[in-house]
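In the order they appear, the protein sequences are chains A and B. Just so we're aligned, residue 1 is where the first sequence starts under full-length UniProt numbering, counting upward by one. Just so we're aligned, residue 1 is where the second sequence starts under full-length UniProt numbering, counting upward by one.
Simulated from the structure, these hints should not be mistaken for lab results. Note that the structure is predicted; figures quoted are calculated from it, not measured. Any given hint might turn out to be false.
What the hints assert, rightly or not - Label-pair distances were calculated between CB atoms; the ranges are:
id, chain 1, residue 1, chain 2, residue 2, range
1, A, K152, B, V103, 33 to 41 Å
2, B, N387, A, T19, 39 to 47 Å
3, B, Y467, A, S10, 54 to 62 Å
4, A, D69, B, W141, 55 to 63 Å
5, A, G132, B, W141, 15 to 23 Å
6, A, N36, B, G377, 52 to 60 Å
7, B, K389, A, S10, 14 to 22 Å
8, A, E28, B, W148, 55 to 63 Å
9, A, T19, B, F144, 24 to 32 Å
10, B, C151, A, L134, 23 to 31 Å
11, B, G377, A, G116, 40 to 48 Å
Every residue, glycine too, gets a C-beta built ideally from N, C-alpha and C.
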Amino acid sequence: LDLSNCSLHSVPPGLAEATAAIVLDLTENPLTTLPNGSFLGFIHLQSLLLPLPLECPGGSDAWQNVTADGSSRLCQGQRNPCNSSVELAWPCPENSACAPDGPGLVQCLCDNPFHGYKCLREGTFPMLLFSGILGTATVSLSLLLWGTQRRKAKTP
Amino acid sequence: MAVPGSFWRQPANRGLVSHCTHHHIVVFLLTFFSYSLLHASRRTFSNVKASISSQWTPSCLNSTAPELRPYELWNSSHLFSNAEEATLFLGTLDTIFLFSYAVGLFVSGIVGDRLNLRWVLSFGMCSSALVVFSFGTLTEWLHFYNKWFYCCLWVVNGLLQSTGWPCVVAVMGNWFGKAGRGFVFGLWSACASVGNILGAFLASCVLKYGYEYAFLVTASVQFAGGVIVFFGLLTSPKEVGLPELGADEDEVSVEEDANRPLMGNDDVDDDDRNYSIQATDNDNQPKAIGFFQACCLPGVVLYSLAYACLKLVNYSFFFWLPFYLSNNFGWKEAEADQLSIWYDVGGIIGGTVQGLISDVLQKRAPVLAVSLLFAVGSLFGYSRSPNSKPVNAVIMAITGFFIGGPSNMISSAISADLGRQDVVKGSSEALATVTGIVDGTGSIGAAVGQYLVSLIQENLGWMWVFYFFILMVRNHLFLKILVKAQFAIGGFWENLGTVTS
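Isolated chain A (complex conformation) (with noise of 0.2 Å):
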């Protein structure tokens, strides 16, 4: 995503959207800071240009390669936050485990057979078995009640 030579004086809104990108070029443009949240998202980013009085976003832990040169600064080779010490700061909760989110940022997903609001579920509820085993008891018991009891009962 080449956005150089923008014109741009803060990061777009619509860049948010672009988490799919690679590559991403932001040099001559005039932006004075990178707020923090802006490249949430942004996993697959290994390739990312900017003019030099930006840093690369999550510090130069979170890339493999940061190089400057006359006007812009590459970061290149997004590395897993998950590995570095970032994550141990503080831990995922419980069912969940850390993931990467974007440059130095990360997230936390549900472990595997977790799922929902907080990961407190866990597998999926047997709906047709219970279903199942209930209605049939519930007729094959109502039936038999119904035959021994009620049969001959005469409404009073």
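Assemble the complex: chain A is given as a structure, and chain B must be docked to it using the hints.
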């Protein structure tokens, strides 16, 4: 109406044995299980409190940690901003339920006289099942969380559930007579505890799929039960042409027996003035006494307060135990649910054993007093129990034994104890009014107590909740002593048969 003191002229076991047909067995089982199912669905709510509370709140981290992502997964639910507020709301829901249950009992008693018991019971069961389903399952499937909706549904649930008890007791009364049914009714009155155990068990099995499935399971089973009751219940021997149980049994005070099973381990009371109207198809017009007149009788107010204290503790255990276990010890909710079953087991055994002991000794008061003293000790011990499941289960069972037993016995003895006064003697209406006042105050006290429990827990922690319980049990003992001093009654052994499981 019969003198309340002279109940057991003769146990009517003869009636039981000679007339026991398969109809009797089916009626016993159907009423037993229908009340159990009603109780089970109440219990489900208590069992899933921790899960619901985390569903309603965003994730709570200490302020130093950055916010969890993705937002929808961890923080999107803002019904309550933190767990303490959610707990308070849960306590409020319990209180609302108890209040509407008490109101519903009053209405059901009147209505039950005029309508077919079978229709009322199955309607109550099925519609309560639908309400519980909407409360727990629909709201989760639609992701519609709204405090007022929950409150309204729970009020309706309380009203609908209240149809259960008067109906099942009336049906049992029709089939098993109003006298001398010590053993049968003793066994039958375990239905509330069995319902608790069933509810806890079902909930813990299904909880891992999500709390909405716990509600789904208990609601569906209850609905199925309602259908089965509709097709299979015979409300009275008259319906199949069997002779109706005799007029000679009318002499026995209905309220007396009515009270006995009324207090399952943790059930809400009934205003059984209405129950007695329903089950006593009676001839003599007893002289009624006014409500305020009944209140002013010596001992009534004190007895009501004493009863309220004990009921408060019993109810609080019913409503809060699983939540306490998972909150305080950090155990998984499903395990907490399974463990909380031990309290009910202790209660069943306690009621039975203490009933037997008081039958043998022919005195009820010492058994109760001793048991309550031990209850204070066991509550204290329980509050200090270590984070170990077997030890906790044992202490919990012991606590249930010492609190559940007296609870059953006392509830059954209300009319016996208070019925000795001249104004009330010989008047079942008056007795019913007095019993109604005591039961009603007990319930309301218990209802208020639920809210207090959540309040105390939020502000002071669980230890203070236990101190509160201990205080209540002590108050109860103290007030009972005062009542006895007022009456200067020697003993209660005339009513030994009234002691129920």
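Query raised in the report: Between Y467/B and S10/A, is the Cβ distance one that fits in 54 to 62 Å?
Result: 59 Å, holds
Query raised in the report: Range hint 33 to 41 Å: satisfied by the CB atoms of K152/A and V103/B?
Result: 38 Å, holds
**Report entry** 15 to 23 Å as the expected CB spacing between W141/B and G132/A, which holds or is violated
**Finding:** Holds, at about 20 Å.
Requested in this report: May I ask you to test the hint 55 to 63 Å on the CB atoms belonging to E28/A and W148/B?
Outcome: 57 Å, holds
Query raised in the report: In this structure, is the beta-carbon distance linking N387/B and T19/A contained in 39 to 47 Å?
Result: 45 Å, holds
Query - Cβ separation of D69/A and W141/B, checked against the hinted range 55 to 63 Å - result: The hint (55 to 63 Å, Cβ to Cβ) holds, given that D69/A and W141/B are roughly 56 Å apart.
**Report entry** Distance restraint hint 52 to 60 Å, applied to the beta-carbon atoms of N36/A and G377/B
**Finding:** 58 Å, holds
Query raised in the report: Has the hinted range 23 to 31 Å been met by the Cβ atoms of C151/B and L134/A?
Result: 29 Å, holds
Query raised in the report: Should the hint that G377/B and G116/A are 40 to 48 Å apart at their CB atoms be regarded as holding?
Result: 43 Å, holds
Query raised in the report: Is 24 to 32 Å a correct range for the gap between the Cβ atoms of T19/A and F144/B?
Result: Once the Cβ atoms are compared, 30 Å apart, the range 24 to 32 Å for F144/B and T19/A holds.
Requested in this report: Given the hint of 14 to 22 Å, check if K389/B and S10/A actually sit that far apart at their C-beta atoms.
Outcome: Violated: the Cβ-Cβ distance is about 57 Å, outside 14 to 22 Å.
Hint 7 alone, counting from the list given before, is not met by this structure.
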